[in-house]
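Protein chains in written order, with my numbering: chain X, 1 to 361; chain B, 1 to 361; chain P, 1 to 270; chain V, 1 to 284; chain D, 1 to 348.
There could be a bad hint or two in this list.
Below are the EDC-like pairs computed for lysine to aspartate or glutamate, each with C-alpha atoms no more than 20 Å apart in a straight line [claimed, not checked]:
1) B:K189 - B:D155
2) B:K104 - B:E119
3) B:K189 - B:E30
4) X:K181 - B:E179
5) X:K174 - B:E309
6) V:K10 - P:D173
7) B:K104 - P:D173
8) B:K107 - P:E180
9) D:K172 - D:E273
10) D:K89 - D:E273
11) D:K96 - D:E320
12) B:K189 - B:E179
13) X:K181 - B:D308
14) D:K25 - P:D59
15) B:K133 - P:E180
16) X:K181 - X:E217
17) B:K107 - P:D59
18) D:K247 - D:D229
19) P:K50 - D:D229
20) V:K92 - X:D308
21) X:K174 - B:D155
22) B:K174 - X:D308
23) D:K181 - D:D142
Hint data in this document are derived by calculation from the structure and do not stem from the laboratory.
Treat the numbers as computed from the prediction; the structure is a model and nothing was measured.
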Amino acid sequence: MPSQPILRLRNIVKKFGTFTALHGVDLDIEEGEFFTIVGPSGSGKSTLIRILVGMEETTEGEISLRGTRIEKTPANQRPTCMVFQSLALFPHMSVGQNIEFPLKLRKEPPSDRRARALELLELLRLPAEYYDKRISQCSGGEKQRVALARALAFDPEILFFDEPLSALDYRLRKTLERELKELHNRTGKTFVYITHSLEEAMVMSDRIAIMRQGRVEQIAVADEIYGRPVSRFVAEFMGEVNLFDVEGTTNERLHGNGVEIHVNGEARDCGVSLAPGETGTLMVRPEYVRFLAATDTCDFIVRGVLRDEYALGSRLQYQIETSAGQTVTVEKLREDRFTGQPGSEVMLGFDAENVHLIRGA
Amino acid sequence: MPSQPILRLRNIVKKFGTFTALHGVDLDIEEGEFFTIVGPSGSGKSTLIRILVGMEETTEGEISLRGTRIEKTPANQRPTCMVFQSLALFPHMSVGQNIEFPLKLRKEPPSDRRARALELLELLRLPAEYYDKRISQCSGGEKQRVALARALAFDPEILFFDEPLSALDYRLRKTLERELKELHNRTGKTFVYITHSLEEAMVMSDRIAIMRQGRVEQIAVADEIYGRPVSRFVAEFMGEVNLFDVEGTTNERLHGNGVEIHVNGEARDCGVSLAPGETGTLMVRPEYVRFLAATDTCDFIVRGVLRDEYALGSRLQYQIETSAGQTVTVEKLREDRFTGQPGSEVMLGFDAENVHLIRGA
Amino acid sequence: MPASRSTRIVLLVYGLVTIFFLYLPLVSVGFASISRSRYLSFPIRQYSTKWYGSALASDNVRQILMTSLKIAVIVTVISMVVAFFGALAFARYHWRFRTTFQKLILLPIFFPQTVLGLALLMWFNSIGVIPTWKTAIVAHLVWIAPIATLIVAIRAYGFDPALEEAARDMGADTWTILREITLPLLMPGIVSAGLFAFLLSWGNFPLSLFTTGADSTLPEWLYAKMVSGYSPLVPTLGVMSVVASFLVILAAFLISWVLRARRRARAARN
Amino acid sequence: MERLDNRLGKLSALPIGLILLLAFMAPLIVVAIFSVMPQKVFSFWNLPDFSSYAVFFQQGYYRSLAWSLGMAFAATLILFLLCWPLAYGMAKIFQRFSLVITVAVVMSLFVPENIRLFGWVLTLMKGGLIEGYFRHLTGIALPNPLYNAGITVFGLVYVYLPFMLFPLAQGISMIPDDARQAAADLGASRWQILTQIDLPLAAPGIVVGALLTFVLSAGALAESKLLGGQSIIVFANDIETAFTFGQNWPLGAALSVVLILIIGVLAIAGIARIDLDAIMGRKR
Amino acid sequence: NRNDQMNILCWEGYNTDTVLGPFRKAHPGATVKAESGTSDPDMINKLRAGEIKVWDLINVNQPWARDQLYPGKLIKPLEKARFMPYFDKMLPDFAKPYPLAFADDGNLLGMPQRFGPFSFVVNTDKISRAEAEDQGWKLFLDPKMKGRYGVLTYDNWNIIHMCLTAGLNPFKPVEGDDQAKFRDVAKQIFANSKLQSADMTAMNTALINGEIDAYFTGGTYTASPARLDGASNIRAITPNSGPVGGKGGVVWVELTSAVNNPDPSSLAEDFLEFVQKPDICKQVAFAEGTYNPIAQMGNPDVMAKFSKEELDAIQWDSLEEELSRSLDYEVVSSYDALMQIYTESRRS
Ligand SMILES: Nc1ncnc2c1ncn2[C@@H]1O[C@H](COP(=O)(O)OP(=O)(O)OP(=O)(O)O)[C@@H](O)[C@H]1O
Ligand SMILES: Nc1ncnc2c1ncn2[C@@H]1O[C@H](COP(=O)(O)OP(=O)(O)OP(=O)(O)O)[C@@H](O)[C@H]1O
Ligand SMILES: [Mg+2]
Ligand SMILES: [Mg+2]
């Protein structure tokens, strides 16, 4: 990656009246990156990218585009474009006219525009007849695709997407994710993407930023965010997780609440250690938790009662209530279905190499 | 379940000008059921439930509510309520007033209304201060929750949800799914639910209908739809799937294209057989496909080259290109990560008990 | 996309200039009202406020103002109601004769008002109605209600029918929808139409001329005075109208402010 | 929905329909009949002829009609250009201040039109507010701007300003902010946003504003009388003369019919070119 | 029966508080309304269109009463026995009695009160009274006057005055070549005028401010307010000579008549008598906006009510002389034809 980020944000603060939506966000987005922002509803994601495209003024802070300050540059002079969460389609134009709008602004000849619009319709799996359809006659997902097509037609240096695929079905979403990713690879443009689908975030992004209440909580590549979250919040946000409160004992080992700890060898080597008296959170993802037979042994062991089983497509989830009253989730593929009956006593185990310790949480 | 369905649809046809959005839909929705409709974007889901709540007129067909025809009953006299895909929040009212609107119509005293609205805000994890917030000041996900709260406040006999959680993050979605499901169990009302999240559909529904281009393709419980789809379309729609074209041979066994078939014992017993010359599609879900060592054997074997590996949260997906040029997907939990390098030759296998045969596709 | 500071300032100045432009002639009218002489020549050298005294003392003036006010208020109220529904028929509902309706409603506006007034007077006469200020209300309505309808229609065009559908879905009947959803959303348009109705009625001369019978309205009286008997009483009444309207508007604001404060207090108590 | 719409449409057209039926049909018929009566009669009980229309064509009335329409058109155009920025400010930018403007405009309208125009005469005339003080201070006399076609148009602009301003502001307030933002984001310049987004989406306001100002200006009388010094005779003046000093009601009625027809054709043809339903996404 | 109300449609003067106030006091149970008209034909149109049921008295210039109202059966004759005595105390010209107050069939159409010579008005600082009177109407055809005068567009008056300017008798049929003469004069007068307006205040103001030096069509009616205001250089002129028997001026006289109301009010005639009282006469003559001589000035009691300034305003000094040089305002025989030529000329 080049040394200078394409977008550099410093201490971005946004207040709406007395309400602070962004509490000082610092962010560097690299040239050509696929950067994803995730976060709970209302955490300020949309506000952040609305500020970046110039649709909202910052209350404080600096934004530079390749080193040039652009806080005061109006939206139409920034080389950015956004797919709105609210879509913001032009109601007085047909589907085709909406898509062609940025091309028309650039005075491209009508035949080229039309060709490009039809190309995009195809890319987004909309029939060519939709070219003349009115926006008000499109279904929710169709509208969303038109909005996406319009932004792609504009083809700016940096593209912002605010939940662009949220109204689409699973298959179409997969297809379009692939198309977008391919487009990103092919053009080398910078993409900034907001999504609620963790899968989408993990598959597509170079880096992911997690926002929480107007602050950025962690920025890292997908695996790191998934496997080594910096906080309980991040851990919990990125899919199902089991968290156990732990405390350091005098021998720099751990004492767990509701979990039996039998780490073999040097716990310090695998990072699973705490200073005496220090508290922390032990994290393990449900897919790393195994059902143990009575004779099996493991680095960490949890005992409990099987409460529930859910089928989630290709996976099955089991909810086990521990003796400490905590619910532990275990995930298996259908193939490895666990045969225990709800209500039965079970023993769960997981290994030191699959846990992550969040300190001080 | 009672013998008479609460809603019975017969041959519902809806035309918009020359375009036919629904081509004769038949459907029975049982009292107290959690009925989910899924389908590709533009397949007519929203149109169907807009017709059911009385917001759109049918072109043809009958709708009965507990045996009484209601095609001509206006929306306000049907015991139904819908969460709009477009939300349709009242811009001139605050969040609280929006939620209280149906209660106000029923002339409940203001203090009761307020209490109920605050209760619903809490249920939907919105802060109580939002009671006085303006709709235009809410984020996308917040708006969606207000729309949901408003419908819940109305509390009709049949509730329709048009993608009510699509703008919410994973965690919140999980939480609200649980709340909705619990509400359904507690009240015993009938819920009709449109979603694009297969997970949501599978976890929550009693039955699922799959729509395609204005027709209902299959109605069944989740497991059946997932495991025994009636068509290629359904199979592909319900998550990742591997499909192989097969043909019956003279001995009522199968001949596969790109798949070696070594079914031991009576194939007919496990349903994996076709009449001579009959064609069909052999389906296996990615999680049932195993990587085989060179010496392993299995009912079905596929050979190919590993192309790609994706991390999807708790799972990993592998794409293998077969000699026949087909892409086969394999899914593993992170724990069972496959260590082969992209480009290497691999052998895949799956068992007769995990396959499903779609005839005549 | 917030407007830049400079745009804001430029527009603000532009707004002030427009107001200045609107009031400039009224300044001259103000001078005329306090001039001793009825033939103004600026700079004015001799001032007098006697015309204000005589305007306030005059029975005629009081009666004329009352008639004008009565007509304008009633026309305003009826126009607002009629325009609300008319605009829905014009822009919101898709019904069979809508396009015809859209054209027919324009016809009265195309009519030269004097001629309309005269023809209306003949019509009233032929059905045996003796013209008074009440017939003037009908005459004003013929011309003003379509205009008010057009103004409300601007808003009715822009408003999302899904909101009405949502309310209907929650059990609201048509009346409730109109009251709770449609009316508040069209309110800015209705208020605007009401203002227009009031002012058009208040300032109308050609229709009033033929349809008020023996009652006179302010514009009739002023017009006659200007034609055949100008005195500084004319500008005096002009100035007094502005001042009175200012007081009325001020009072309206105070009342609505008090009402809102009370409602808020009541809401806070609950 | 269609059935319901049909019923509600009819019902809500009813109040204004009734008013027009009871109080407008008759005048319309009266005027139409009078227009085909012989010259100078005052009752219907005559054999119809079309002499009045003949007079219209023979006597150069088309000239004042052309002036009226021309000045109305000019006034409408000028008003549109003048009012757009202000209406835009009122609808999208000023917030509180737009209330101030509204109140200010409304208050000025409490003064009847004639007096306001008279005020302009006092302001602009020789020895008026401007010239009088200017001459008093500098000793230089200014040329008189009154009594020509230009000042008549100025008077129309002044009097009909609210008829453009308020509909425009209503129309502009209906433009969704996010559509403008999206256009800007897609690289549209201010001008392009104006032409591609603002103008079409504010179309209902523009249409109504332009319609009202055009129609009212075309029938206006006082401006040309007071400010224009009747240097231009407008068509409304011809109609009035025919009815009053001419005591020729059939001629006046015929002239009115001509005016109604021409304005009607112009206005309705103008509106027909703009499909508001389509623009506002209301087409079914 | 409408004896508890009475409505007057009139020129400004009968509708003022100073006139109506005392009458109302004298008839406390009655509602008395008066509306000031804006032109004679406007008032007549109202009656024609149906307001005959509204009004009890109408006050218009005598030819309109004689030629429009009476033939149209919109007014009815007054009771001679009751009203003839009032003529005795009028100015000599009216006491005869004034012939034009009667219809051809001899009926009394209405009571005369206000009147005034009506020709044109000049600023005597710029054009001396003598010069104006001597030149008469030719003044406006003088090339020197180009752009120096205004036209007060009282159309019916202008037609009369343009005939006189063209050397024609307006009250006789104007045909053939005479119409061409009329056309030339009309065109020239409009073409050379500085401004046209139906607003006499604007006209007077322009005259006072020096914007114009004279205006075509005007008389004591228009000049008197300016004169009372101190602008004694503004003067109504009656030409010394003219085409009709040597006379070039015109005098108007108003008649107040009883409307042919199907449901008449007895108060109407009481009011007609009431305005003959000296006090009230003065109030009618000097209304708020215009000041005019009245026929009743033949009565010394009435005369005593006027001050010197007031008499000067209405040019009392020369009134009799001017009357003698003036024609009676009558109906223009070729009004239609001339009106067409007039409007065409004005439009071009
Ligand atoms: N008013 C209309 N006029 C014409 N076509 C319409 C209209 N409304 C919907 N359609 C079409 O009908 C089809 C079904 O629309 P519908 O909204 O029911 O889809 P959906 O299944 O809800 O899709 P999504 O998941 O994208 O919301 C779409 O192809 C849409 O384009
Ligand atoms: N105009 C406004 N006035 C006041 N508060 C606002 C305004 N716009 C947004 N907010 C608040 O700012 C916060 C952040 O909003 P934002 O739209 O950025 O959330 P988000 O992260 O995009 O959420 P979602 O995932 O639900 O779309 C929310 O709590 C919202 O209520
Ligand atoms: Mg958002
Ligand atoms: Mg939909």
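A quick look at each hint next to the structure:
1. Proposed proximity of K189 (chain B) and D155 (chain B) is supported: the alpha carbons are some 9 Å apart, at most 20 Å.
2. For the hint linking K104 (chain B) to E119 (chain B), the alpha-carbon distance of about 16 Å falls within 20 Å, and the restraint holds.
3. Simply put, K189 (chain B) and E30 (chain B) have alpha-carbon atoms about 10 Å apart, close enough for the 20 Å limit, and the pair holds.
4. A C-alpha spacing of about 35 Å is found between K181 (chain X) and E179 (chain B), which places the hinted pair above 20 Å, so the restraint is violated.
5. Restraint check for K174 (chain X) and E309 (chain B): satisfied, since their Cα atoms lie roughly 15 Å apart, inside the 20 Å limit.
6. Only pairs whose Cα atoms come within 20 Å are accepted, and K10 (chain V) paired with D173 (chain P) is accepted, the gap being roughly 17 Å.
7. The hinted pair formed by K104 (chain B) and D173 (chain P) meets the criterion: a straight-line CA distance of about 13 Å does not exceed 20 Å.
8. About 13 Å separates the Cα atoms of K107 (chain B) and E180 (chain P), which keeps this hinted pair within 20 Å; it holds.
9. Our distance criterion of 20 Å between C-alpha atoms is broken by K172 (chain D) and E273 (chain D), whose separation comes to about 36 Å.
10. Between K89 (chain D) and E273 (chain D) the CA atoms are separated by roughly 13 Å; this keeps the pair inside 20 Å, and the hint holds.
11. Restraint check for K96 (chain D) and E320 (chain D): satisfied, since their Cα atoms lie roughly 15 Å apart, inside the 20 Å limit.
12. For the hint linking K189 (chain B) to E179 (chain B), the alpha-carbon distance of about 14 Å falls within 20 Å, and the restraint holds.
13. Only pairs whose Cα atoms come within 20 Å are accepted, and K181 (chain X) paired with D308 (chain B) is accepted, the gap being roughly 14 Å.
14. Taking the CA atoms of K25 (chain D) and D59 (chain P), the gap is near 13 Å; set against the 20 Å cutoff, the hint holds.
15. A C-alpha spacing of about 19 Å is found between K133 (chain B) and E180 (chain P), which places the hinted pair at or below 20 Å, so the restraint holds.
16. The hinted pair formed by K181 (chain X) and E217 (chain X) fails the criterion: a straight-line CA distance of about 25 Å is larger than 20 Å.
17. For the given pair, K107 (chain B) sits about 51 Å from D59 (chain P) by alpha-carbon distance, which is inconsistent with the 20 Å threshold.
18. Only pairs whose Cα atoms come within 20 Å are accepted, and K247 (chain D) paired with D229 (chain D) is rejected, the gap being roughly 30 Å.
19. For the hint pairing K50 (chain P) with D229 (chain D), the CA-to-CA distance comes to about 15 Å; that is within 20 Å, so the pair holds.
20. As the CA atoms of K92 (chain V) and D308 (chain X) are separated by approximately 55 Å, the hinted pair breaks the 20 Å bound.
21. A threshold of 20 Å between alpha carbons decides the hint, and for K174 (chain X) with D155 (chain B) the separation of about 36 Å lies outside it, so the pair is violated.
22. Distance hint between K174 (chain B) and D308 (chain X) is fulfilled; the C-alpha atoms sit about 15 Å from each other, no more than 20 Å.
23. Only pairs whose Cα atoms come within 20 Å are accepted, and K181 (chain D) paired with D142 (chain D) is accepted, the gap being roughly 16 Å.
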